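Keeping their order, the protein sequence lines are chains L and G. The numbers in my numbering rise by one with no breaks, and the one at position 139 of the first sequence is 139. Positions in the second sequence are counted from 1; adding 1000 to them yields my numbering.
Quick caveat, the hints were computed from the structure, so don't treat them as lab data. It is possible that part of the hints are untrue.
To give an idea of the interface, some chain G residues facing chain L are shown, with a C-beta separation under 8 Å as derived from the structure [as the list claims (entries may be wrong)]:
| no. | residue |
| --- | --- |
| 1 | L1579 |
| 2 | H1644 |
| 3 | E1645 |
| 4 | I1698 |
| 5 | G1700 |
Calculated cross-link-like contacts (lysine to any residue; reagent style SDA-like; alpha-carbon spacing at most 25 Å) [unchecked claim]:
| no. | chain 1 | residue 1 | chain 2 | residue 2 |
| --- | --- | --- | --- | --- |
| 6 | G | K1435 | L | E99 |
| 7 | G | K1459 | G | D1109 |
| 8 | G | K1610 | G | L1579 |
| 9 | G | K1435 | L | S60 |
No experiment lies behind these values; they were computed from the predicted model shown. Even glycine gets a Cβ: it sits at the ideal position worked out from N, Cα and C.
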Amino acid sequence: MMHVSEKDMTANSELIAFRLGGQEFCVDIMSVRDIRGWTQTTPLPHSPEYVKGVINLRGSVLPVIDLAARLGFRPTEPTARHVIIVTQVNNQSVGLLVEAVSDILTINAGAIQPTPDVASDLARLFMRGVLAIEGRMISLISLDCVLPNSTESAGTVH
Amino acid sequence: MDTMAAIKQTFFQECEEQLAELENGLLAIERQEGDLETINAVFRAVHSIKGGAGAFGLDDLVRFAHTFETTLDLMRSNELEITTGLIKLMLRAADGLADLVRFSRDGADLDRARIAQLNGELARAAKGEPAAAAEPMPAAPAIADEPAADENGFVPIRFSLDDLLGEPAPSADETPADAPLTVRFKPKPELYAKANDAVVLLREIRRLGEAKIACDTSEIPLLTELDPEGAYLSWAVELDPAVQEASVREIFEFVVFDCDLDIGIAPEPVSATILTLPEPPSTVAEAAFAPAPVQQTETATVIPLTPERDLTPTESLIKAGQTQQAAAGGQQTTIRVDLDRVDRLIDLVGELVINQSMLAQRVMEAGIARLSEVAVGLDDLEHLTREIQDSVMAIRAQPVRPIFQRMSRVVREVADMTGKSVRLVTEGEGCEVDKTVIERLADPLTHMIRNAIDHGLEKPEDRLAAGKPEQGIVRMTAAHRSGRVIIEVSDDGAGINRARVREIAVKKGLVEANAQLSDSEIDDLIFHPGFSTASSISDVSGRGVGMDVVKRSIQALGGRISITSRPGRGTVFTLSLPLTLAVLDGMVVTVSGQTLVVPLTAIVETLQPKKQDVHGLGDTSRVIAIRGSFIPLIDIGRELGYRHEEADPLNSVAIMVESENRSQSALLVDGIIGQQQVVIKSLETNYGHVFGVAAATILGDGRVAVILDVDAVVAGSRADAGRSDISNRKRNAA
Chain L
1 MMHVSEKDMT ANSELIAFRL GGQEFCVDIM SVRDIRGWTQ TTPLPHSPEY
51 VKGVINLRGS VLPVIDLAAR LGFRPTEPTA RHVIIVTQVN NQSVGLLVEA
101 VSDILTINAG AIQPTPDVAS DLARLFMRGV LAIEGRMISL ISLDCVLPNS
151 TESAGTVH
Chain G
1001 MDTMAAIKQT FFQECEEQLA ELENGLLAIE RQEGDLETIN AVFRAVHSIK
1051 GGAGAFGLDD LVRFAHTFET TLDLMRSNEL EITTGLIKLM LRAADGLADL
1101 VRFSRDGADL DRARIAQLNG ELARAAKGEP AAAAEPMPAA PAIADEPAAD
1151 ENGFVPIRFS LDDLLGEPAP SADETPADAP LTVRFKPKPE LYAKANDAVV
1201 LLREIRRLGE AKIACDTSEI PLLTELDPEG AYLSWAVELD PAVQEASVRE
1251 IFEFVVFDCD LDIGIAPEPV SATILTLPEP PSTVAEAAFA PAPVQQTETA
1301 TVIPLTPERD LTPTESLIKA GQTQQAAAGG QQTTIRVDLD RVDRLIDLVG
1351 ELVINQSMLA QRVMEAGIAR LSEVAVGLDD LEHLTREIQD SVMAIRAQPV
1401 RPIFQRMSRV VREVADMTGK SVRLVTEGEG CEVDKTVIER LADPLTHMIR
1451 NAIDHGLEKP EDRLAAGKPE QGIVRMTAAH RSGRVIIEVS DDGAGINRAR
1501 VREIAVKKGL VEANAQLSDS EIDDLIFHPG FSTASSISDV SGRGVGMDVV
1551 KRSIQALGGR ISITSRPGRG TVFTLSLPLT LAVLDGMVVT VSGQTLVVPL
1601 TAIVETLQPK KQDVHGLGDT SRVIAIRGSF IPLIDIGREL GYRHEEADPL
1651 NSVAIMVESE NRSQSALLVD GIIGQQQVVI KSLETNYGHV FGVAAATILG
1701 DGRVAVILDV DAVVAGSRAD AGRSDISNRK RNAA
C-alpha cells in the first residue's frame, strides 16, 4: 500500500532520514505512521536477533526491528535517546529502532542514483538507491522485507 | 437503489432462517416427531421464500419454490401420504432450494440439471396420487406434470418454444371453426396517454361472445420503481371459436399502434393459458372474470392477494422491509446488528479492561490505602467492566445448531455418493460458541464428516459381515468442558487401519521403516501434511488435502484436535475449542525476568518442587515425582530461549499442565504473579506466528506479555530432547 515503490519515486517525494551505525538512511515519509521514543520491548521466543521484541502501541502489538542488525551492522544497544519509527509495510505495522531521526528531505526521482556495487549482499536487499544531498550520502531503504521471511510457524515439531 | 439492496439483503437473511426452519421441520417429520403444525411451518417457510422471491423477480427461485410448495400443500392436506421416500425427496428439494437461494444471492455455483430433476420429481410426487391434483382453477391447464394452482391462483405457466416458433402466422380464413381465438393485448403507456382505457376495450371484446380473460401482472415492478404513468399489465383473452378475428381487430383499430397485439389460434383447444410471452411469466393471476364487474377485477388482478393465511408476495415484501415491526407484535425479540459494530464494541471493551487495570495499578503504586474510597470505587469499576465484557462477549455467542444442521446435508450427499446408509446423530446443538469460531468450523467439520463416512464407515456388505447393522452412525456432539467447547465427531466404522497407515507413512517417507510407533502415534500420522489413506482419490474426501488441513484450521482457532480409534468399533475425533477468541483466563508468571501468561484451562495445579522429587532422566531431561508418578519437567526459560543454563527447580515453581492427549507435564517457571483475565492480541497481525506462543496480551502496566502455547511447548520439548538448542534451529531457519 504505502510502502516505497518505484512508481512513488517518479514524482517529488518526501523522505525521512535517520542515522544508523554512523551512516544515513531514509524511507518514504508516506510509510511512516509515528515516531516515538524507545521503550522496553517484550522479547519474542525463538525470534531472529534483529527482532527486538514487541511493544504496546495504543492497544495493538507492534514488533520492533533493530534496523542496524537487520542491515548487518552491529546490534543496537538501545538507550532512552533511541527512537522507534512506526511504519506501515504490506498492511502490517512495524517499528524500526534507529539512533535518531536527522532530516526530512524533499527530492525528485532523478536524484536517486543506483546503489553502488560495493554494498554488502544484505544491504543490497534493502537499498533502493542512494541520494547525494549537501555532500552527504543517504541510502534509500525499502521496507518490504524487514520482517523475518517466514511468518509461518517454523515450530511444527514432530 | 440502496434501499432496494437493503431490502433484498434482508430477504436473503430471512431466507436463511426459513431454510433452517424448513430443514428442521422436515427432519422432525422424518423422525416422526412432527405434527400438523410442523408441516404447516415447513409449508410457510417455502411459501415465504417464494413470496419474497416473486417480489424480487427471482423467477428460477419462484418456480422451484412453487413446485415444492404444491407438493407440501398436498402433504399438508393429507392428500399425499408421508413416506420415507417422500421425506428424502423433500430434504433434497430443501437442499436444492438452499442452492437456488445462494445462487440468487451471490451467484454461487448452481447445478441446474439437478434443480430441474428435483423439480420434475416433486411434480411427479405431487401427481403420484391421482386424487391429489386439486385444481381450484377450472381453467388450470391439463398438461401432464403441471403443478396445481394454490389458493392464490398462482400458476406457473409451462410453455414450449415450439409453440412460439412452430405456429404458422394465423389468419382469419385459416381459423378452424372449433379452435378458440386467443388475443394477447399489451398496452403501451401511449395508449393510456391518449385517454384510451384497456377496460373499455376488454368490455368490447366480451360483447363479441364468451371470453376468458386473464391478466398478466408479472411485469409490475416494485412500488419504488413503478412509473405511475407506465403500462405494466397485459391481458390474454380466449374467445369463443365463433368470433371472427376481423371483429376483434376492429375493436383495437384505434389503439393498434399503442399496444402490442397478438391474435391467433390456441394450438390446444382446451388450454386457456397458452400465453405467447417473451419469457416464462412468474406470477400470473388468472381470473375467469366474465361475470364480475370490471372495476373489481382490476384491483383483484393487480395484486394476487388472499385475505386468509400465510404470506402473499406483497405481504412478505412488506415484512422484508420492516422486520423490526414484527418485534412489536411480540413474536420476535431479536434485532439484527452489523457484526462490525459488535466487534468494534468488543475492541473498545477490551481497551477499557486494560485501562481499568492500569488505573488500578497506578492507584496501588500511589500508595492509596486498600480501604480508601478510591480503592473501593475502583473495585466497583472492575466488577462493572468485567460484567460489560461478559455481556458483550455473549452477543457474539451463538449456538452451534446451524452448523450441525448444515452437516446433515453433507451426510445425505456423501451417503448418496458412496452408496452407504448413514444416520447422523447430533447432541448438544444448543452449546454456544463465538460466532467466528462457529463460522470457521464449517469447513473442518464438513471434511471430518466426509472422512467419517467415506473412510470411517465400512461398505454395507462389510458391516453386515461384521455383525453390525447395515446403517452406519455418525455422531456429532458438542459440550462445554472447563471453559472450552468440545466437539466430537465419531463413527461406528472399522476404525483406523493402523497397518495400512503405517505402510503409507513409510512409503511416503514420513517415518522410518523400523520406527517404533505407539498406536496413538500411528493415528496421529493421518494429520501429517499430504497423507491420505484412500487408495484412489475420491470425489468425496477431497484431493490431496486431508486431515492436516483440518488440524491447521482448528489450530488457527486456538483449538486442538485429537483422535482415538478402536479397531472394529470406530473412530472419534475430538475438537477442543475456545469459547471466544477475544479473552482468556490466565496465570501470570515470570521466567528469566519476562512476564508470561499461561492459559488457566491448561493448568491442573501448581507446586513447589522438593529436592528429592526431581530426578534426571537421560542427559538433559528431568522428571518430577508427583504422587508416585514421574512427570516430565519442562524448563520454560530454556524452552523459549530466554536463557541457556538450567533453572534450579528448588527456586522455581512447577505448573502442572494437561495437554491435548491428556498427558501431564510440569512447566518450570521462576514465580507466579497472579491470575488475571487477559485480552488476546494477535501477534500475527503485525508479525507472524511464533513457536511456543499462542498470542500476546497487554498487561496492567501497559507492557506486552506473550501467552504461552502449552501444547506446542510440551510437544516441542519432547521432540527437542537430545537435539540441539531449539532457538539455534529457529535462527538458522530464519
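Quiz item: Does the CB of H1644(G) sit less than 8 Å away from some CB of chain L?
Solution: Violated. Min distance 13 Å.
Practice problem: Given the hint that K1459(G) pairs with D1109(G), test it: the Cα-Cα distance must not exceed 25 Å. | Solution: violated, 31 Å
Exercise. Against chain L, run the beta carbon of G1700(G) and see if the smallest gap drops under 8 Å.
Key: violated, 11 Å
Quiz prompt | Given hint E1645(G) near chain L, where the shortest CB pair must fall under 8 Å | solution = violated, 16 Å
Quiz item: Are the Cα positions of K1435(G) and S60(L) separated by 25 Å at most?
Solution: holds, 22 Å
Quiz item: Holds or violated: L1579(G) as interface residue toward chain L, Cβ cutoff 8 Å?
Solution: violated, 22 Å
Quiz item: Has the given pair, K1610(G) with L1579(G), been kept, meaning a C-alpha gap of at most 25 Å?
Solution: Given pair K1610(G), L1579(G) is violated - Cα atoms ~37 Å apart, limit 25 Å.
Quiz item: With a cut-off of 8 Å, does the beta carbon of I1698(G) approach a beta carbon of chain L closely enough for the hint to hold?
Solution: holds, 5 Å
Quiz item: Holds or violated: K1435(G) with E99(L), Cα cutoff 25 Å?
Solution: violated, 45 Å
Violated hints, listed in ascending order, are 1, 2, 3, 5, 6, 7, 8; each of the other numbered hints is respected by the structure.
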